[in-house]
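Taken in order, these protein sequences are the chains called A and B.
My numbering numbers the first residue of the first sequence as 1 and each following residue consecutively.
My numbering numbers the first residue of the second sequence as 306 and each following residue consecutively.
Honestly, the hints are just simulated from the structure, not real lab data.
Computed from a predicted model, the values in this text were never measured in an experiment.
It is possible that some hints are incorrect.
Stated by the list, open to error - Restricting the straight-line Cα-Cα distance to at most 30 Å, the calculated cross-link-like pairs of lysine-lysine (DSBU-like) are: (1) B:Lys314 - A:Lys96; (2) A:Lys212 - B:Lys359; (3) B:Lys314 - A:Lys15; (4) A:Lys144 - A:Lys21; (5) B:Lys359 - A:Lys151; (6) A:Lys212 - B:Lys381; (7) B:Lys381 - A:Lys22; (8) A:Lys238 - A:Lys6; (9) B:Lys314 - A:Lys173; (10) B:Lys314 - A:Lys35; (11) A:Lys215 - A:Lys22; (12) B:Lys359 - A:Lys35; (13) B:Lys381 - A:Lys15; (14) A:Lys246 - B:Lys307; (15) B:Lys307 - A:Lys238; (16) B:Lys319 - A:Lys246; (17) A:Lys151 - B:Lys314; (18) B:Lys381 - A:Lys246; (19) A:Lys15 - B:Lys307; (20) A:Lys215 - B:Lys359; (21) A:Lys212 - B:Lys319; (22) B:Lys319 - A:Lys35; (23) B:Lys307 - A:Lys212; (24) A:Lys15 - A:Lys132; (25) A:Lys238 - B:Lys381; (26) B:Lys319 - A:Lys151; (27) A:Lys254 - B:Lys319; (28) A:Lys212 - A:Lys144.
What the hints assert, rightly or not - Ranges of calculated distance between the beta carbons of each label pair, as one might list FRET restraints: (29) A:Asp26 - B:Val358: 55 to 65 Å; (30) A:Asn102 - B:Glu363: 33 to 43 Å; (31) B:Leu367 - A:Lys212: 27 to 37 Å.
Built from N, CA and C at the ideal position, the CB exists for glycine as well.
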Amino acid sequence: MLGIQKIAHYLPDTKSWNAEKKECFDIDDDFIENKIGVQCRTVKNEDDNTSDLCVKAYHELLKKIPVAENEIECCVVVTQNPDYNIPHTSAIVHGKIGLSDNCACYDLSLGCSGYVYGLSNIIAFMQMNGMKRGLLFTADPYSKIIDMQDKNTALLFGDGATVTLISDEYEWKPVTFSFGTNGSNYRELICDDTLYMNGRAVFNFTATTVPKHIKEMMEQKHLNDADIDKYILHQGSKYIVDTIRKRLGVDAHKVPFHMFEYGNTVSSSIPMILEEELDKPENSRMVLSGFGVGLSWASAIIEKK
Amino acid sequence: MKATIENIKTVIEKADVRGDVTMMRSDVPISEQGVDSLDMANIFLLLEEEFDVKIPDEDLALVQTIDQIVEYINSKS
């Protein structure tokens, strides 16, 4: 059996403050704090590419737990903003970290649902191939593609990266996954040179699809709210997180909100919160749910060992 | 269900907007009465769910005031 042993993250030091854009976008402090929920966005160094963010997250992991590079058998990077179209970013990360020649590497092209997909994918791949230690990276620096004149996106997205150590010495294991796609609406969140988001369409999708999806997954496992300690939702915006929470009918203390000081980090938002929540003694079972570009959604239930 | 000024205001209240919804004027755009763009998206979704109608993006200009919403929904049902 494989599961999550440890998570680490990297956030750039450079920040872009939304308070400086109030006049430009005709917004006030209440909108910044209570609707978007982003005081400032982290922005990567110009010289750093996606693989560099992954490597920096890996160095943070090494501060928490010793990792023998020659024991890593699988390296997966979840991104839609790779270093290059060719080759895959995971190969570049492999080279920069110095992983062994026997390590499998591949990328997963998914956005905000990417961490949950990645978790299922890397565990299944490793178990199928008898592997014991792997690294799941998330890094999707949207600063590469944001139109800074577009109110719908310019105030929202931050850069960052995470790495999850998957191993047979796990502390948390997934007990179920559930996935969905609405490909007919793929144009509502799309990048053709710059990012475009139809805010109303994405809001409608998340408010109607995600709570229903989470409830169905819990019902299938015969679980109710009392069985769940935390709901770790993708941090689309504060308004999105609050809306899903209200429609799920769960208490605010069960739904952490964490993007205020860095923004929406796409596939990194769930593992960034999970990193803290894994070690809290009050947590023994949690729901994860990511949703966004595709339109795509993925949820999981994880349990402490 | 037939739309009225009162039940439209009840839907707007469900969106947890700032201010006293009962004091809202029905002939002034909702967005000019302290309701931001995110709340507007939520109000339109709640209206669609409550009255079982679709309000496509191209019709949004027709539903800016409470009076317009009442007329729009009643014309659809």
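Here's how the hints hold up against the structure:
For the suggested pair Lys314 (chain B) and Lys96 (chain A), the alpha carbons sit about 59 Å apart, so the restraint of at most 30 Å is broken. In summary, the hint linking Lys212 (chain A) to Lys359 (chain B) is supported, as the alpha carbons are separated by about 20 Å, within the 30 Å threshold. A hinted pair counts as satisfied when its Cα atoms are at most 30 Å apart, and Lys314 (chain B) with Lys15 (chain A) does not qualify at roughly 40 Å. Simply put, Lys144 (chain A) and Lys21 (chain A) have alpha-carbon atoms about 19 Å apart, close enough for the 30 Å limit, and the pair holds.
Taking the CA atoms of Lys359 (chain B) and Lys151 (chain A), the gap is near 26 Å; set against the 30 Å cutoff, the hint holds. Straight-line distance between C-alpha atoms of Lys212 (chain A) and Lys381 (chain B) comes to about 27 Å, which keeps the hinted pair within the 30 Å bound. About 38 Å separates the Cα atoms of Lys381 (chain B) and Lys22 (chain A), which puts this hinted pair outside 30 Å; it is violated. For the hint linking Lys238 (chain A) to Lys6 (chain A), the alpha-carbon distance of about 27 Å falls within 30 Å, and the restraint holds.
Between Lys314 (chain B) and Lys173 (chain A), the direct Cα distance comes to roughly 47 Å. Violation of the 30 Å bound is thereby established for this hinted pair. Between Lys314 (chain B) and Lys35 (chain A) the CA atoms are separated by roughly 21 Å; this keeps the pair inside 30 Å, and the hint holds. For the given pair, Lys215 (chain A) sits about 38 Å from Lys22 (chain A) by alpha-carbon distance, which is inconsistent with the 30 Å threshold. The straight-line distance between the Cα atoms of Lys359 (chain B) and Lys35 (chain A) is roughly 25 Å, inside the 30 Å bound, and the hint therefore holds.
Of the pairs offered as hints, the one joining Lys381 (chain B) and Lys15 (chain A) is violated, with about 48 Å between alpha carbons and a cut-off of 30 Å exceeded. Between the alpha carbons of Lys246 (chain A) and Lys307 (chain B) the distance comes to roughly 27 Å, so the proposed pair stays at or under 30 Å and holds. A distance of roughly 33 Å separates the Cα atoms of Lys307 (chain B) and Lys238 (chain A); the hinted pair therefore is violated under the 30 Å criterion. Using a Cα cut-off of 30 Å, the hinted pair Lys319 (chain B) and Lys246 (chain A) holds, with the two alpha carbons roughly 11 Å apart.
A hinted pair counts as satisfied when its Cα atoms are at most 30 Å apart, and Lys151 (chain A) with Lys314 (chain B) qualifies at roughly 28 Å. At most 30 Å may separate the alpha-carbon atoms for a hinted pair to count; Lys381 (chain B) and Lys246 (chain A) meet this at roughly 29 Å. A threshold of 30 Å between alpha carbons decides the hint, and for Lys15 (chain A) with Lys307 (chain B) the separation of about 50 Å lies outside it, so the pair is violated. Between Lys215 (chain A) and Lys359 (chain B) the CA atoms are separated by roughly 25 Å; this keeps the pair inside 30 Å, and the hint holds.
Note on Lys212 (chain A) and Lys319 (chain B): the hinted pairing holds, with a Cα-Cα distance of about 19 Å set against a maximum of 30 Å. With a C-alpha separation of about 16 Å, the suggested pairing of Lys319 (chain B) with Lys35 (chain A) holds against the 30 Å cut-off. Distance hint between Lys307 (chain B) and Lys212 (chain A) is fulfilled; the C-alpha atoms sit about 27 Å from each other, no more than 30 Å. A threshold of 30 Å between alpha carbons decides the hint, and for Lys15 (chain A) with Lys132 (chain A) the separation of about 38 Å lies outside it, so the pair is violated.
Our distance criterion of 30 Å between C-alpha atoms is broken by Lys238 (chain A) and Lys381 (chain B), whose separation comes to about 33 Å. Distance restraint check for Lys319 (chain B) and Lys151 (chain A): the Cα-Cα separation of roughly 26 Å lies within the 30 Å cut-off, and the hinted pair is therefore satisfied. At roughly 22 Å between alpha-carbon atoms, Lys254 (chain A) and Lys319 (chain B) fall within 30 Å of each other, so this suggested pair holds. Between Lys212 (chain A) and Lys144 (chain A), the direct Cα distance comes to roughly 33 Å. Violation of the 30 Å bound is thereby established for this hinted pair.
In this structure, Asp26 (chain A) and Val358 (chain B) break the distance hint of 55 to 65 Å, their C-beta atoms being roughly 30 Å apart. The supplied range of 33 to 43 Å is broken by Asn102 (chain A) and Glu363 (chain B), whose beta-carbon atoms lie about 56 Å from each other. Taking the beta carbon of each, Leu367 (chain B) and Lys212 (chain A) are about 29 Å apart, inside 27 to 37 Å as hinted.
Of the numbered hints stated above, those contradicted by the structure are hints 1, 3, 7, 9, 11, 13, 15, 19, 24, 25, 28, 29, 30, listed in ascending order.
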